[in-house]
Each structure stands twice: as C-alpha cells, then as structure tokens.
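Visitor: One letter stands for each residue in the lines below.
There are 4 protein chains.
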Amino acid sequence: MDVTEYEEWLTSLRRELHQRPEPAWREFYTTARIVEELESLGVDDILIGREILADGERSELPEEGELERWFEQARETDADDAILDQLEGGYTGAIATIERGDGPTLALRVDIDGLPRLESESPAHYPAAEGFRSIHEGAMHACGHDAHATIGLGVVRAVLESDFAGTLKVIFQPAEEVIGGAKPIAESGHLDDVDALMALHIGLDHPTGEVVAGVDGFLAVSHIDVAFAGEPAHAGAEPNVGRNANVALATAVQNMYAIPRHKDGETRINAGVIKGGSASNIIAEEASIHGEVRGETTALMEYMKERATEVVEGAAAMHGCDATVEFGAEAPSAESDELLVELVAGLAAESKHVENVLYRDDLGGSEDATYLMQRVQDNGGVASYVGIGTDHPGGHHTATFDVEEESLVIGVDVLANALLELAGENSPLVTAEAGQ
Amino acid sequence: MDVTEYEEWLTSLRRELHQRPEPAWREFYTTARIVEELESLGVDDILIGREILADGERSELPEEGELERWFEQARETDADDAILDQLEGGYTGAIATIERGDGPTLALRVDIDGLPRLESESPAHYPAAEGFRSIHEGAMHACGHDAHATIGLGVVRAVLESDFAGTLKVIFQPAEEVIGGAKPIAESGHLDDVDALMALHIGLDHPTGEVVAGVDGFLAVSHIDVAFAGEPAHAGAEPNVGRNANVALATAVQNMYAIPRHKDGETRINAGVIKGGSASNIIAEEASIHGEVRGETTALMEYMKERATEVVEGAAAMHGCDATVEFGAEAPSAESDELLVELVAGLAAESKHVENVLYRDDLGGSEDATYLMQRVQDNGGVASYVGIGTDHPGGHHTATFDVEEESLVIGVDVLANALLELAGENSPLVTAEAGQ
Amino acid sequence: MDVTEYEEWLTSLRRELHQRPEPAWREFYTTARIVEELESLGVDDILIGREILADGERSELPEEGELERWFEQARETDADDAILDQLEGGYTGAIATIERGDGPTLALRVDIDGLPRLESESPAHYPAAEGFRSIHEGAMHACGHDAHATIGLGVVRAVLESDFAGTLKVIFQPAEEVIGGAKPIAESGHLDDVDALMALHIGLDHPTGEVVAGVDGFLAVSHIDVAFAGEPAHAGAEPNVGRNANVALATAVQNMYAIPRHKDGETRINAGVIKGGSASNIIAEEASIHGEVRGETTALMEYMKERATEVVEGAAAMHGCDATVEFGAEAPSAESDELLVELVAGLAAESKHVENVLYRDDLGGSEDATYLMQRVQDNGGVASYVGIGTDHPGGHHTATFDVEEESLVIGVDVLANALLELAGENSPLVTAEAGQ
Amino acid sequence: MDVTEYEEWLTSLRRELHQRPEPAWREFYTTARIVEELESLGVDDILIGREILADGERSELPEEGELERWFEQARETDADDAILDQLEGGYTGAIATIERGDGPTLALRVDIDGLPRLESESPAHYPAAEGFRSIHEGAMHACGHDAHATIGLGVVRAVLESDFAGTLKVIFQPAEEVIGGAKPIAESGHLDDVDALMALHIGLDHPTGEVVAGVDGFLAVSHIDVAFAGEPAHAGAEPNVGRNANVALATAVQNMYAIPRHKDGETRINAGVIKGGSASNIIAEEASIHGEVRGETTALMEYMKERATEVVEGAAAMHGCDATVEFGAEAPSAESDELLVELVAGLAAESKHVENVLYRDDLGGSEDATYLMQRVQDNGGVASYVGIGTDHPGGHHTATFDVEEESLVIGVDVLANALLELAGENSPLVTAEAGQ
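Residue numbers (the working numbering), protein chains in the order written: chain A, 1 to 436; chain B, 437 to 872; chain C, 873 to 1308; chain D, 1309 to 1744.
Keep in mind that a hint or two might mislead.
[As the list claims (entries may be wrong)] Computed spacing ranges between beta-carbons, pair by pair: (1) C:G914 - B:E774: 30 to 40 Å; (2) D:E1650 - A:D45: 56 to 66 Å; (3) C:G914 - D:G1397: 48 to 58 Å; (4) B:A785 - C:D1136: 50 to 60 Å.
[Unchecked claim] Computed cross-link-like contacts, BS3-like style, restricted to lysine-lysine with a CA-CA straight-line distance of at most 27 Å: (5) B:K711 - A:K275; (6) D:K1583 - C:K1147; (7) B:K711 - A:K305; (8) D:K1571 - C:K1147; (9) A:K263 - D:K1613; (10) C:K1177 - B:K699; (11) C:K1135 - B:K741; (12) C:K1135 - C:K1177; (13) A:K305 - D:K1583; (14) B:K741 - B:K788; (15) D:K1583 - C:K1177.
[What the hints assert, rightly or not] Here are some chain B residues the structure puts well away from chain C; computed CB gaps all over 12 Å: (16) R511; (17) D516; (18) R569; (19) T644; (20) Y693; (21) G701; (22) R704; (23) D798; (24) G800; (25) E840.
Hints in this document: simulated from the structure, not taken from any laboratory.
C-beta: ideal position from N, C-alpha, C; glycine also.
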C-alpha cells in the first residue's frame, strides 16, 4: 500500500483543523468536521456525543458560558447542525468503526483538542506565513493534535482502500490536554473487546523521518486546584486587618516548585494558572492555582500530591487564610507492549518514508492515552504508543510549534501498515496467543 | 435651616444608588440618575461628559468591552437616553452649578463610584435584609459613595431652599476608587475660580453622630502595573526549557510586601490583582500584577516605587523573564486648611445632630480629592476634607460595609451650613482676606 | 562651670574605650576601666557586679564559652583583677553615687556596651587613621557608647568640681544593645528614690552642636528567637526523606518582613542573625533566627509578635518541620517629661557650645533606658532622654560610624548643668512639687 | 581463604575509629592509627602526607584555626608524633603498597573521613548503648567510613596472608565528604600504573548479606559558595537605609530549590549551610550559603550551576545587594567496568557470607571516587565500585546511622577474593588483554 498520494489531501485537512483549534471539550467544529470527512470516506458506523463518553466521567470541563461561546462559534461555521446538536454541552469526540470480515479487533487512538494559547504571528511561523494560522485568537494547535486527527483520518482511508479483514475502531478523543477525555471513553466500554490498541504522537523532539516504535516513560499526572480564602481590607487605611490571599498564593507557588526531588525518579509540578484579588486597593480576599503534579510512577505522583498539600496548607496558615486543595483528573503510567514495539520497529525500518527507527524512548511527559492502554491491557489485549518524528521549530505548547507536513504521510504509512499486519495472516497476535 | 425633614428622601435616594453600584468610569446609570434629580430640584446649569473631563487625562479606564457591557446595562434601565449618550465611552460624572447673586465661589466634591466586589447576602447585612442589595453581582457600594452622592444632592436642595448668595459648584466625581477621576476634573479648570472647596467621607471608623472637622494624613498613592514575560514550555516534557512567569510573579509579590519600612513615615504596598499562565500543563509565559504603592509623603511614595521596581526586576532576572513596570494614576498628599477646619468644628458643635466633634484626624489612606484640594489651594483658595461618622458593621471595602442612614442628614446639615456660613456676612473668607 | 578644659582628657578616655569594645555582658575591661577612673576622680561609693543587677533578671546572655573568652581577654590587660573578679560570669556595669548634702536624688544613665561587628579599616575612617580602631576584631563601638561612658565620667568630674548639693547616681549600664541591661538594674531598686533621671544618646543624625532637649518616639521592642527542627537526609541520595530546616527558615524570613503594615503606626521586624545546616550535602536539620520586632506602641509590638509567630509556624508546617518561637528581652515605650525637656532646652540654648536646640524629636528606634525611665516615673519621679548631636560619617551600627570628639564636651556641659540646676535653689523639681 | 576469624579484630578496629570521627582534612588521629596498624601487619611501604597529595590540588580545606584545633586534639592521644608531624596542615590519608612478585598492579580505595554532625545519644543507638559513640561532640562517622577504613585494613591482612602475586595499593583517602580528597591523589600519579581499581561503600539501603557487584549512577557534583554583601543599618531607626543580605539569602534559597526539573534526568541542589547577619538589631550586611548542585550527567550539573547563579544574582539585585557565586570542588560521573562487575558478582555469589547479589544498582548520590576511577580508566585500566549491604537503622548522614559489624567480614571477603582472582592465573585482566 502506498499512501504517498494522500499527501495533498492530508495537508489540506490538517490546515483546515489547524485554523480552528478548539480547546478541551470545545471541539465542536473539529468533531463535526471529522465526522463529515469519515462519512465522505464511506464510514457508516460513527458514534459521537454521549454514546462514547461514560456518564459522569468527564472532568476538567470549562464553565458553562465558555462552552456556550465555543458552541455558538461552531454554529456559525458550515458545520452540520445535526451533528453539533449531539455535541452540545461538551460531548465532543467520535469513534469510527470499520467491520470487515473475520479478524482481530484493533483500535487506533488520536486526540483532537487544541490549547488555550496565542499562536505566533511572526512571518517566520509557517502557519502564519501560509495563511492558516488560528482564527481563534488565544487558541492554538500547539501540540500537533491537528496532525493526529488528520493521521487518524488517513489511516481510515488507507484501511478502507486495503484488503483489511477484522474490526478497526478509530477513536478521535477529545480533551487530552486536560487529561479529561480518555477516562470517560475507557469507562464507556468501547475498548473492552480490543485485541491491540495503538496511539501516537507527532514530534517529541524527533526529526522528520524518525520513528519511535515504542514510547514509554509516561509520567503519572494529576491536576491540582487550590483556592485561598482570606479577609479583604482597604490596602491603604488598614492593611493589618486583611488576610492576604495573594501573598499566601505567592508563598505557596514558590514553595511548590521547591518540593524536594525524589530518589525514586522524576517528579514534576506546575502552578500553570494563577489568579487572585479584585482591585488594586483591596487586600486580596481570594486567590487560586490551577496546576498539576506528575511522577515517574504513581507513588511519585502521590508524593507530590502530599507535599503540595502540605505546602499550600502551610502557606495559608502563615497568612491567616483558609485553603482548599483538590486533585482533579488523573492519568496513570503505562508501558508499550513488546509485541507491538517489535512489529512497528520492523515495519518502520522497511518503510521508504522512514529514515531512522528508535526502538524505545521516553516521553517524559504525561498522556491520558495511558487510561486506554491500561484498559486494553487489563482486558488481555496489547497496547503501544508510537512516536512519529517531525521537525518542529518551537517546542510543544509554544507559540511557534509547527509540524512538517510530510510527517503526515509517514504517520499514516507506519500505522496503517502496522494495523494491516496485525490483522493479516502472519499477525503476531495469533502467534502470541498460540505461543501461550 | 433644618434638613431633618429630608431624611426619607435621602434614604430612598441612597438605596436606589446602592442597588446599582457602578465601578470607576462605568457610572452611567448613577450619573444619569443624579442629573435627573438635579433637574427635578431645579438646577439648570449641569455639565456632564467631556465638558468636565480634560482631554486625555482620564486614567485607569476599564477595557472597551467592559465599558460597553455596563453602558448597555444602563441603557436597559429607565435612565434618560439623551444623558447616557453623552456619557458613552466612560465620560461619567457631573458638575452642578448654582449661581445666586454676589458672593464667593464655593465647591463641594462628592464621589460616586462603586467597587468591583461581591456584596454580602447575609440576612445580617442590612441592605440584603431590606431588599436594596446590589443587583449588579460582583459590584458593590462598599465605601459609601452612594451616601456621598446622596449628601451632595441633599446639599444642593438645602442651598436652593436657603438665602444663599454666591456660586456653588457641586462636583459629582467619577472613578475615585481607581484614583482616576479627580485629575481630569482638576485639569478641566472648573475649579480654578473656587474660593473654598470641601470634600467629605462617611464612616472611616467614626461612629454615627461624630464629625471630624478636618481630615488629614492622606497617603500619596500611585498605581503599579507589572507584566512578566517568560518562555512557555510543556511542564511535563521539558520544564527546564521554560522561563516561568508565575514563579517570577510569586517571588516579586512576596518581596514587594517585604520592602523595608521607612524611618520617615508610613508606607503601603498592595499586589491587589494578580494573574498568570494559560494552562495547567504549560509553564506560564505571562503574568501580571495590578497594585499600588502609598506613602505618607510623596517622597515616601517614590521610595516605594523605586524599591518595588527593583524587586520586580530582580524577580524577573532570577527566573530568566523580562518585566515591565509602569506606574499609573497618582494622587498627592494634601492638608485641610485651618480656616475651614475651625468653621466646620464650630458649626458641627452647635448642630443638634452631632454628638461629638473631632478637630482633626488622619485618613491613613489615599484619596484623589487631594488633586482637587491642591488645585484650589494652588489658586489661592482654601480646601478641607470633612469626616461624617457612621456606624459601619463591616470595614470599608468589605462585603458587609454599610452606613447608618441617619448620617445622611448629618452630612447635609454640617456641609450645607458650612457653605452658607462661607457665603454669609460673617464669612471667614472675607475676614481672612481682610486680615492679610 | 566651664568644662572646655576637659576636652583632652575626654578624648583620651573615649579612644581608650573605643579601642576595646566589648559586646553585651562582656564589658569586663570597660567596667574595670570606668571604676578605676571613678576612683581616681575620688568617688568612693561605687557598686558593681551582683550589687546592681537583680537576681535572675539579666537576659540575652551570651554562651558560657563566649563569656569566658572575653573575661580571659580582659584578664590579660592591666585591668584591676579584684574588680574583674566581681564581674565574672557577666555581672558587668557600675553605679557611682555622689552624696553631698541636702538636695534631690538625681540620676544619669549611660550605656557602655559595644556591638558584635567589624570596624572599618579604611584610612577614611578616623579611628583607623588615628590608630584607635578596635583591637577586638569583629567587635566595635558602632553606636557611640564609648562616648556615652566618657560623658558619664565627665559629668561625675564636673559635679565633683561644682557646689552640687544632693545625691547623684551615675549608672554605667551594660547590655543596652541586646535590651538586656536596664531591666535588672531597674529591678534592683537602686532607682526607686530618684527624683529625676536623665539618659542621653549621641548622634542620631543630628549634627555636632545640635541638642534635642527631649527625645521621644521610642519603639517598644522584643527579641524573637526561632528554632526550626527538620529531618536530615543525604542531599544527593534521598533528598525527599529530609525535612529542610533551611527552606523553612528562608520562607519564614521572607514572610516575616512581609507582615502587613499597621494602620495604628510604625512597626518593625528584623531577622538579624540567621544560621542553619551542618554540611553542604546534608539536608539541614536545624536552623535558627535571632531577631526582633518593634512597634510604636506596645500593642503594635504585640501585633508583630503574633503575626511573626503565625508566619514561623506556617513556614515550618509547609516543610514538615517543627518550630519554636520565643520572645526574649523587651523594652516598653516611654516619654520624656516636659519639666526636664524645658529645663534642658533652656540651658542648651544658653550654652556657648550649642548651636541649635530642638525641643523634641523622635528616636524611631528602641532603647531599654525606657525601663529605667518608667521605673522612675512610676515612683513619682521625672525622666527624660537627651540627644547630643554629632556629625557621624557612617550610620549607627555601620562599620564607619564615628563621633566628633568635640561633642563630648557638649554632652558633659549640657547634662552637668542640667543636674546642677535640678539640685539648685531654683530647681524646677521644687517648683513642680510646690505647684501640685 | 577464610576471613571469618578476623571478625573480632575488625569490630574492635572499627569501634576505635568510630569513637574518634574526624571530618575532612582533619583525619590526623585516624591516619596515624591506620599507619600504626599497617605497620603492625608488616607493611613497610607506606606513603603519607605530601607524598600522596598533589601540590595545590586539595580543596574545601577548613580554616586554619579549625585545622589546628583538630591537630592539637590528635596530639593529645597516644598517636605517634612522628606520623602526626607529617600530617600537619591537613595532609592526611595514606597509601599502603604491597609488592609481591610478578603480577598486575591493583588498587583498592577506601575513604576515612567523618562528618560534622552530632551523633545520637539514644540508648536505641547501638554505638551509644555499647559505649563507642563519638567522643568528638558534633562529629560523627555517619556514613560508614569507619567501616571502610577497617575493611581496607582487613583486605591488607588477607592479602598478606595469601599467596598473592603482584602489586596492591590500598588508598586510605581523606576528605571524601567534601569531594576534596580524590583529586589530589589522582593528580599525584600514584594510580597511573594501576590495571584495576576497586572502591566500595557500605550500606546504601542494601541489607546485610547483600552485595552490589557494580554501583553506577553517580551524580556529578559541584560545591557552590555564595556570599551576599548588603548595607547594614539600624533595624529600628532606619531600616530603609539597609540592604538586607539575609532577605536576599532567603529569597535565593527558596528559589534555588525551585529551579525547574530537567527533562534529561536527575538534578539536585542543596543550600546545606546558611548564615547571615551579626546582631538582632542590625540589618544584615553579610550572608552566605555553602551548598552543592548535582546532575545525572555533567551537563545537568552545569545546568544547575547556571540556573543557581541566575537565581542568586537576581535575589541580590532584588534587595540591592551584591553577590558572588563560586563553584568549588567537583566530581564527575563514572561507570563500573563490566569485567570487574562480572568478577565480583561471580565471587560474591559463591561466598558463604553473601545471601543476595545484585548485578548493578544506582548510587543516586555523588562520590569523588569517580576521579580515581576515571584516572585509572583514562590510563587503560578498569575500575568498579562495589556495594556491601548492611542493615542501617538511620539513613546515611543522620544521627542514628550505624552498620552491622558482620558486614565488615563480608566486605573483606568479597574484595580480597576479587583482588586475589585478578592477580591469579585465570585473571580476567589477562583474558581481556589477550582478547583484544
């Protein structure tokens, strides 16, 4: 199978999505656009909205008004209203199923959300120069999920055009950036019959033409939300009467980053979003931190949670404030199964598009794909996470992040071939089972 | 002159204004309502909008969208559209002039803006219990400017009903809370012919029935706006690449409050409003502080500005960030003239409404009335600032601040009598001049 | 009486003392030298050691070894061993009493201790240039107590040479810098019969030739001692196991300085001496702060104590450490009595040595002389604190502090004359009593 | 060879050393005692003092007075004065050489210094209960170097009692804890002819009976010394004039620990020893930090150095202070050679004293043995670092650290046998060379 000819189509799709980045749970236009494309490719089994998201399991939802604003914005595009109706309230994402004869049940997971950050306007930034920079000011596909969604569609097309025999579920997952989308999909049960699941990420500091057959080193992650409550006072007339929530926050933020490194491995913490106070002349009554902690293992993540809580409570006490600490959406750690890593490494090495293959490498970050991987592994299947290199000028999550579009073909090529092989006569899945 | 009978009218006016607090430069309804009341009292010389605000001198304006939102909200009331039209864009406030025969030119200044803070819903909070709590959620008359505006109207009525001979200008000043409204009025020149200016404040921890003849101890004040610019990075994958604006801010905030006390007198600093960062998993690229510094003298305020700048720049450098520091609206210090203090002290002592008179007391805070006082004093006039006590359950700027409504009559009584005396036969203004 | 001729003698005495500064409770040589000088002036009633210090009331004593080290050092000088024997263990200071006929009982208090700080070696520093720089490295008369002791001796000589009638007690007080010496002397009862007490300070940013008749504005002060106890750990191998006392201290120090300013007046705080940890590769197990808090009133000092405690406890909790907070030696506030202020102002104005007299000025610092002043005032006497100006190149407590030696004569002149007047025929003490 | 019978002798030696811990460069008694024991074992080639330490290469020396104090203390023991004479000035440590016929040149390195920390007095602490707790208050063998020195002597005895053919150099290295002793020995050239070097550490959280054949994961380390210089001022009278070195330090310490984690691996930082200020009422003029930074690689150590410098300079600037940052003694990273790891693993597995063998494990800390290992490896030899488990109640560097004395025999057994094997007929060194 040669997917080289998809290049123009993939590029065009990717740019369309890039231009309309939608952050977590707001992927209204994105989902609708994906569904339309799936339909035009001939897929007839497409689940969306509440069908794929277990009840009550979504987390990190934005505020009502924010959801509405993005929904209305999607309404104003030419996206299909009937589809949008099913997404209302933040029920975004889709699962496309292709059932073709006997064979294993396979799955591919791609994530589709953008980030709440401004995209560079510099002429040196390719999307800006080429006119497909984000039209949603303050939102940006700064982590390549536009490419992921595009590759997902490319794989669907490639499989449809092949002699694939078996079942393939392609999961277009929302809300990865807030670690919110994988859990409700896992809990929906749609993956419980899957024999092999693959997920992918583009970039990760690997150059175009390089493929990482098995990405590991996922950091377990948890959101942390802190609220400080102090006492307001007139900052000029009687500052001593106040209990300053902003100073409590400042003390906490500094000391959260200073939580000791741990002998057992990597830890992370970030006070990503802070805000506090209401007016320049009022001692701040309220302040909040929205952040995250990570650990190389779940135990290390728990260590960070424990210490962060201690820091926050101490900082509040120092300044006579109250504090609440809540831990939000979490994702566990996970490992790519050797069976899939070997398969991908072998196929990638043979691909004419691939110049270099790394067997395994560490992500060093977190991903809620681990929820899905664990779910499949817990049910007896195998799972892996593939890295598709691409030269990216800016780092992930920065204003100048971008992907080289020839990587799209590489992603489709490597993943489609892996899926075909898994469903083929010499599938390692069969061998593995036989060998047990 | 007995203004006791005004009580019901004053109370009703004050509650009307209390229910619709409008923060700085957004006093659309408030101004319109005041103008209507002035008209119904028979005042025909009323200046509003651009007529009273020197071009380009307004500061601390809210964002465009914010202005519009409040303007539209005022539009939806029964406020006079013709008046509102002149206020559009944040040209709020009014000057009412009464000219009646020969006599000195006097002025009274009252401020009319509310605060951006939530009002208590507790049944123990009188406005909540009595049904005139703010209908603008998140805004509140938490500093008694509703009472100030009401007293201003009461004084107009009392003067109109008296045998006053001379000219009286009552200034309904916007944007005191952001130290933004006095300067453009001073610069407009409307006060340049004033022989005596009085301003007032209710409360200030003095009980109902107590009057402070001359308030002093105004702290000079300046706004400070700080912006930190760092480098974003994925907080899990490569935190080392980021330059964390939130940590720079946290370090700065802590150390701003730690600027050494000064031997020459009182200083203040407040990082009133802070915010930073865009997402929990991105190292914060931008963060900002909106605050203020104060000093017992202008030199002390300058000391705080200098040290705060040093702190901010050091904090930015520590974390590889850039920082800009801007100082916004300022108000100087000022003193109440003895001539007026003695007059008010004498009249207050004789008033049947007043139980106790303090000669002088310190404000211990800041007020942009000092701009107007200085302007008048610079032009050869006299000026003073009078405190009208009122029992207030919560402190100024807190959710449970409230005034005892019988203080309204006291305020009108003391100030109207002082103005009448100043314009009368035995006016100390004449004596003072003669004595020179 | 003309004391101009004392100049050479005073200068020589002062330089001798300057060269051998001894910090609080270590004034062994200093006390012995003063006693010898008193004896050579003919004073026969000299109390030293335990005779003047109430049992158990000394505070802020240095460690045993430190006391011994300074004692041994004094032993090696030519100081009288018999005197030294009585001072052993830190029982320093002396009270010289001159009883001459009928008259009031008067007292003069001078303090005699040095500071634990290095003296400048710069040739621009007069004592260094003239060869009387401290020979005790790390200790320095950086606050002029060498001049105070010298003036005390000068006053004794002047009184002895006059026709003084009455009783004069000159208190050479130890340990002022640690607020430790006044209390045990007050508690000893030696001042309980005193009708008028005067204390003095040289410098205070007043130039040579200027006298402040009554210094006020003493800040109440209290020492604060904080000890943090954490858990040690190998900083490389398992930093997470540690509980870092140094970070707890750092957090506390920053936030102590950030305690809000108070509406009621001046406050101060200083974490003067900090130390913590034992080795570069061990997470610090212990850390300590030795500092002080001050307030314009005792209530303000208490406010600072309360907030500082809160800060320390919060900082310890943040880092899983324990903390103890102890408040040490305290001094109250005090006021100079008008009777004495007027007397000194009058005499100073007439003195040929004095160029300018200030009636009253604020110290803006603390002094444990207030203990003695309060004691006298509580027993029906009057007390005051006189400022003797001197041009000092460096600020008090800095390495280049120095006094102009002609101020010594001025101090003796003003104080001796005041004492003579108080004991004279027209003593205001008598008038005051008669007038009651 | 059976060394079981050495047990009593080893235990007695270890307790003797344990009782007299001497920190870095102060191992006067320790070196003398080792030399005496070597002599009594019959070793005649013993180098000490300047013979083994390259000129000018010692670092982290204590102050002169401190060296003298420890030297005098050693003088007062029954240690041989002739030996002590050669050690004066901190030229501690020894190299014992055994030359016996043809064979390879081998080396064993043991470190001998104690730590500057107080030892537990608890009866639950074995050395306290058994009466061999440190008699040097404030110093302690809290990292097992007493056991290392003892094992070194045990290996010498075992080799002397065997048919060993070849040359063995046993290096009794001083000043490991300050990363100061290995470099001058490496630079002395004594190891340049060594074919195989082994070093060891006891404990490391491995239980008695467990052996780690090859320890890796040494963190590169560098000392950091920071000095802040501010401006002193009287803390009560004019705090604003001061430039507070203690606050600059506090800000720096907090933010040093908050340096971002790095994607490339482990980093560490410790502000181990802090001190600042001179008196409670003086704004601190000087403050200092003595600490360290580490990294999994040299590049990561450099990253920490760079960021720490930035933090310190920013903190100083914030508070108007100057700062100097100096990086002291450093140790690189290193790896144990496979040839030696396999040899030790094999021999340990056969030892009757050993219950469990780990092939490789990470140290997770730093060691200046890496200097010696690199020197040997650079000259074509092989090197390794062996872990000898021991149940230790408290962690390394804590007050209750202790070793199980039966581990001493295990250490001697494993290392002596490895050395004999390396010098034997079937030496892997020969095979390795032959195989080249």
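Visitor: What hint numbers does the structure not satisfy?
Guide: Result: hints 1, 4, 8, 13, 14, 20, 21, 22, 23 and 24 break, sorted rising.
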